[in-house]
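Asker: Chain by chain, the residues run as shown.
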Amino acid sequence: MVEARNVHKAFGRLEVLKGIDMIVRRGQVLCLIGPSGSGKSTFLRCINHLEKIDGGQLSVDGELVGYRQQGKSLYELKDNEVCRKRAEIGMVFQRFNLFPHMSVLDNITSGPMWVKRASGGPSKDRARQLLDRVGLADKVDAYPNQLSGGQQQRVAIARALAMDPKLMLFDEPTSALDPELVGDVLDVMRSLAEDGMTMIVVTHEIGFAREVGDTVVFMDGGVVVEQGDPVQVLTDPQHERTQSFLAKVL
Amino acid sequence: MTEPPHRPAPPQVGASGGSGDPSTMKVVPVRHPWRWVASAVIVVLLVMLVNTLLFSSVTRGGVRQGRFQWRVVGHYLFAPSVLRGVVVTLELTVIAMVAGVLIGIILAVMRLSPNRLLSGTAWVYIWFFRGTPVLVQLFFWYVGISYLYPRLTFGASIAVPHYTVHLPFWQSLFTVNATTLVTSFLAGALGLSLNEGAYMSEIVRAGIISVDEGQTEAAASLGMSKGLTLRRVVLPQAMRVIIPPTGNETISMLKTTSLVSVIAGVDLFQSTQNISNTNYEIVPLLTVASLWYLFFTSVMTIGQFYVERHYARGATRALPPTPLQRLRAGLRHQRVRPAPALTEVPWVAPHD
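As you go down the protein sequences, you meet chains A and B in turn.
If you count the first sequence from 1, you need to add 18 to reach the working numbering.
If you count the second sequence from 1, you need to add 326 to reach the working numbering.
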């Protein structure tokens, strides 16, 4: 589903990604862990082209991100082509980023109705189903600032799911939440994983990574230090940096 | 905020004084003697103001007459020529503000564009129109255009003059005399709009910048295009920042339109001037103009309140009450006040 080969990214002179190689297969749940500033979030944002990569190759579902290959040249995608690609990838942000001027229902139907030009009735029915799925069926008409952080994040997940994405990206979805609200969000993500959604999750929830993840990738300093089966990486890390990181967070 | 008469005491832990239950004692509120002094001074001044406005008289040219000549004011307040001036003032205000907001949005988006030519062009536009007085600009549109371009020619003949030879019909259709085209009203509307656009663009830009970047990213991740994101996500949120200064600009514009009087525009101010030029009732007609300006700025202030309230949805948890709601709450409060339940309440916040 996602294939990265020697991906490089720099902000000005600061090199954030120094050659990332990664493969995510359909239906797989990959958890990205590592200290802050290790490039996890940047890599995630490269996958739906919120950031442009400077070198290497990154493809989703066999198609390059942001470029079209024709013969020996790469053509940069036009804005509307980039939009079409992004519409197939759901993303959940650390700070929810719900649209505060719209009700919960309008937030969820905004993607299908404005981007896919779906009609209102079915979009609203689907939005209600999704709200029910994330356990917020009674919040249809609420505005985001009337909800707790955990509720907002679950609405954000429903909003992303409303586009029927083939891949879901989670950028530290529980980092901005009060501890007692983390569980609800993780439950929703767990059920998504059980339904076979392909997911890439940047997280500090080591427990979640071990329990739900199929693969854990430990990044540090813009490179992948260690990756593999969660239980193995998290309980018996081979690399020294992984060991010291896990010693601090566990 | 006056002192409430008898308040039950706040519950005091370990109150000294021994004898008696503190909750039954009389509470003596703090006195504010200087407030009374200030109030007295203001009341005296108000009485003087009302007196001089309504009841005083003065001898002018041997004739005893009311100081402000309200009868003359009333006579001209709804005079047909004044009302025509009112319409011109309102038309100019609406045209200049609508055009100004549209120009402002376009310029703001241009200035935020990564394309240097676009942002540079917007920068130069703002530099020019903010850098010269609007009075000078109005003169330029009225006199300058017909001086610089006596014959305005539109269409193909501008770019390729050669073709006009082959297309005489085209030429005759689109070439006009500048002095007939640029009337004082058009020059006024044009000058005010272009000037306002420069100011509005800065207001709109501030609004756009104030919206969290995460909003744009969330919209992008849903596959929304830049235009759609601007229209449906960014601008509605930017409105909260854009509206208060825009209300300011509108009120300011209403009064700035009086400048068109210098380019022969007959707006509200000029229409009252025309009358006083013939009957020499200068001050009463200035009063007429002021009353009309005050009336419309008051209406706009009320309108602004409701527009702001509309765009506050989702940003504040409880919308501010409308004046009507406040009035109703006030009336309810008045009726509740003498209720005996007060004695059972241990402590009521001073702002109840």
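Please keep in mind that the hints were generated in silico from the structure rather than gathered at the bench.
By construction, the Cβ of each residue, glycine as well, lies at the ideal position given by its N, Cα and C atoms.
Warning: the hint list may mix true and false statements.
Below, in silico cross-link-like pairs of lysine-lysine (DSBU-like), each with a Cα-Cα straight-line distance of 35 angstroms or less [claimed, not checked]: (1) A/Lys90 to B/Lys552; (2) A/Lys142 to A/Lys184; (3) A/Lys90 to A/Lys157; (4) A/Lys134 to B/Lys352; (5) B/Lys581 to A/Lys96; (6) B/Lys581 to A/Lys36; (7) B/Lys581 to A/Lys103.
Computed from the model, here is a short list of chain A residues facing chain B with C-beta under 8 angstroms [as the list claims (entries may be wrong)]: (8) Phe117; (9) Ser128; (10) Met181.
Asker: For every hint, state whether the structure bears it out.
Answerer: Each hint tested on the structure:
1. A/Lys90 to B/Lys552: Between A/Lys90 and B/Lys552 the Cα gap is close to 30 angstroms, so the pair holds against 35 angstroms.
2. A/Lys142 to A/Lys184: 21 angstroms, holds
3. A/Lys90 to A/Lys157: Violated, at roughly 52 angstroms.
4. A/Lys134 to B/Lys352: 70 angstroms, violated
5. B/Lys581 to A/Lys96: Violated, at roughly 47 angstroms.
6. B/Lys581 to A/Lys36: 61 angstroms, violated
7. B/Lys581 to A/Lys103: The given pair, whose Cα atoms are some 51 angstroms apart, is violated under the 35 angstroms limit.
8. Phe117: 6 angstroms, holds
9. Ser128: 7 angstroms, holds
10. Met181: Hint on A/Met181: holds, closest Cβ of chain B at ~6 angstroms, below 8 angstroms.
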